[in-house]
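Novice: Below, each chain spelled out in residue letters.
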Amino acid sequence: MAEKTFIVRIKRQQRADESVRWEEYELRYRPHMNVIICLRDIAERPFTRGGVESTPVSYDANCLEEVCGACAMLINGTARQACTALVDDLEKPIRLEPLTKFPLIRDLVVDRSKMFEDLKRTYCWIPIDGTYNIGEGPRMAPAVQEKGYPLARCITCGNCLEVCPKVNSNDSFVGAAIVSQVRLFNMHPTGAMHSAARLDALMGPGGIAECDNAQNCVKACPKGIPLTESLAAVNGQVLVHAVKSWLRGE
Amino acid sequence: MTVPKITVVGGGLAGLMATIRVAESGVPVDLFSIVPVKRSHSVCAQGGINAAKNLKGEGDSTWKHFDDTIYGGDFLANQPLVKGMCDAAPAIIDLLDRMGVMFNRTPEGLLDFRRFGGTLFHRTAFAGATTGQQLLYALDEQVRRFESEDKVRKFEGWTFLSVVLDDSGVCRGICVMDLKTMEIRTFPCDAAIFCTGGIGAIFGRSTNSVVCTGSAQSALFQQGVYYANGEFIQVHPTAIPGEDKCRLMSESARGEGGRVWVPKQAGDARRGKEIPESERFYFLEEWYPKYGNLVPRDVATRAIHKIVFELKMGLVGEPAVYLDVTHIPREVLDRKLEGILEIYEKFVGVDPHVEPMKVFPAMHYTMGGLWVDNEHQATNVPGIYAAGECDYQYHGANRLGANSLVSCIYGGMLAGPAAVKYSHGLESGCESVPAAIFERERVRQQDITDALLNQHKGTENPITIWREMGDIMTENVTVIRYNANLEKTLVKLDELSERFTRINLQDRTQWANQTLNFVRELGNMLILARVITLGALARNETRGAHYKPEFPERDDANWLKTTKASYDGGKIILNYEPVDTSLLPLRERKYTAKS
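Chains A and B, in that order, give the protein sequences. The opening residue of the first sequence carries number 50 in the numbering used here; numbering runs sequentially from there. The opening residue of the second sequence carries number 8 in the numbering used here; numbering runs sequentially from there.
Extracted from the complex, chain A is given alone in its bound form (with noise of 0.2 Å):
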């Protein structure tokens, strides 16, 4: 009996200044294939559909259980995580590309430190005094941890930027994944106190004024974070701020 197998297109770019060209690789199909597996199989291969000897693809890669953030790519359009894009559930032949809204480093691999970057400038922390033992945290309601909870979840893989139509090369737009971290530690009794820095990172260019509710970002995210309702939570807190900074003649 023939051995089954499937195709997988994968764009490639040795460097973002170099041109871009397409590859096909026939694999073996095995059951609970997932991309990762399909990256390995070419790099143990490295062989074109055509017989071309190419090299192992570059990609980024951690966890592999969907919680580094790490695996993000365009498979078949779709911006999502390599890991959990199961063989069995895509169409074939399947399509690998690179996110577009970062820069390319090469093949499916792009630099997205400019999420961390903003994460600084956005004073995502909470500012403790030290780490010598000063007893207990502040108590938090259970109801405030079970919103908190899942917005740090967030594993900074940029699929709600690549999917935001505010977040390209005109628009500055920070993107979800930074609002709802700044309402995250907005939210938490200590980080309170210091909610005017991060709302007042907000106000400026590429702050949450710029988010046109397209709402795509929820759409796009693997671990089910409500970013709506923390980019319409985050917009509310910055419009008080912005009066009562006036009011207070600021």
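No lab work stands behind these hints: they were computed from the structure. Careful: at least some of the hints might be erroneous.
[As the list claims (entries may be wrong)] With a straight-line cut-off of 30 Å between C-alpha atoms, the simulated DSS-like cross-links for lysine-lysine are:
id, chain 1, residue 1, chain 2, residue 2
1, A, 169, B, 187
2, B, 158, A, 163
3, B, 280, A, 272
4, B, 353, A, 60
5, B, 464, A, 60
6, A, 268, B, 353
7, B, 187, A, 150
8, B, 187, A, 215
9, A, 272, B, 353
10, A, 163, B, 353
11, B, 187, A, 163
12, A, 150, B, 353
13, B, 158, A, 169
14, B, 187, A, 272
15, A, 53, B, 353
16, B, 187, A, 60
17, B, 63, A, 196
18, A, 141, B, 353
19, B, 353, A, 196
Fit chain B to the given chain A structure using the hints.
Specialist: Chain B alone, transformed into the frame defined by chain A:
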């Protein structure tokens, strides 16, 4: 000397905590990581973190935590350091809470605790079933804050190759490769703290992340750092087998009441949920009435092996048993275990709320690691420190669930200040070391890379060699160890090392060349695999996770000692040193008792 310069390699829990402690003391830190630190393997830790805060009126204490940890580790851990960790744990939880970790709460707004393996107390604080992720993020945020204040410089996307040793064998810097430009550079430092995590990739498929190769540990070992207790490998009882990785199904599933079973009738082909209660064999509860499903991991793993391979009672069609949470109210599952149940559903396509999960043991953790002293996380090489999974302290012959997160953080807390203190005590700092010392190491590393890039006649595929190494290590050096098989493994590792000299790099470009990095890691993995196997072969006893049917008893007279491997001119030498058992007298480790 002026302000010292500290380098941290690895940005998981241990590395981030070490970084925070150094930065907090006013000393600048260079933090190197293969991946953006927020993507480190600590994110995969699920169930929780242990601390005897005794908030459930059970009479728990840090001494009992200490006792459980030593007993669970079959008395191989050095006791004073473990006691220090258990004593520090409640304050560590408080610190994490202050950092904003979204721990689950009680109605009173206090931290909630659940049960875990190897203890009878509710001692495990948790944030859903993604506790490691939540802890990592909290530390990542603190480091980002220091970064914004220019106290930390992050180098993400760099891989560690070697340390720079001066002519007296003192660490004066590190040699690293930029994974984008493939440039090899040295960075001077007065002390380097290694927090480079696990070694799962040596076993091919494990619960570990891709970056957990042990490459850094192996490189350090080859440069003179001792490697201790390498033979102690934890195999987690409950994971989803997979071709790319085995995905962990946290012990917290059992901590919240999950039960492990197989059909009483071998070969019963009905679906799990259709098999009535009376026809199920809850073998852990039957064999270990006191601890039930929460026996330590080595015990549960061997029990599952016995069911599947000896008694032939595994599930039909695959080596697996059921892990069942279907009797737990959905509301509880959603609040406490959502993260892992989501993983099961996404990867297996079956809803674990209604169908029992099919699981099987998988390599999970190394108790062994870089040798560090009993006080400061200092290795035997001056200026080199280690903390986290990559060191060998705290867990003895078997780690208890939810002790890894606390040991990572505690180790990082010790290593940071110790490295600072050491640096202050240096007569002359790294800035006074001649440039030639750094250049010598850079050239040595560049030559290794160039040799790989220029080798055009290679025929061996790196992934194939890696797969073969992983297969034989998993088969012979995990749950059950026979000396004949360990010897066969050494022969196979020899063969693979020989084939490795004829490797075909496939990709000779100088830009984001992941194959080049992988091949360099693979070379290091092959050496560490040998250290693990040699240690296992030598240790003729059964202790914790190290199980030899030919030597089924713990042998304190001959083997109550730490394996200490060193590397000399390409040869691995095993030495031994006594275990510090000054606090808790030895006793038989037996989880079968009824009460």
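Novice: Please go over all the hints and tell whether each is borne out by the structure.
Specialist: Now for the hints, and whether the structure bears them out:
no. : hint          : result
1   : A:169 - B:187 : holds, 23 Å
2   : B:158 - A:163 : holds, 20 Å
3   : B:280 - A:272 : holds, 28 Å
4   : B:353 - A:60  : holds, 26 Å
5   : B:464 - A:60  : holds, 29 Å
6   : A:268 - B:353 : holds, 16 Å
7   : B:187 - A:150 : holds, 19 Å
8   : B:187 - A:215 : holds, 29 Å
9   : A:272 - B:353 : holds, 11 Å
10  : A:163 - B:353 : holds, 29 Å
11  : B:187 - A:163 : holds, 17 Å
12  : A:150 - B:353 : holds, 26 Å
13  : B:158 - A:169 : holds, 14 Å
14  : B:187 - A:272 : holds, 29 Å
15  : A:53 - B:353  : holds, 24 Å
16  : B:187 - A:60  : holds, 19 Å
17  : B:63 - A:196  : holds, 25 Å
18  : A:141 - B:353 : holds, 20 Å
19  : B:353 - A:196 : holds, 23 Å
Checked against the numbered hints listed earlier, the structure breaks none of them; every hint is satisfied.
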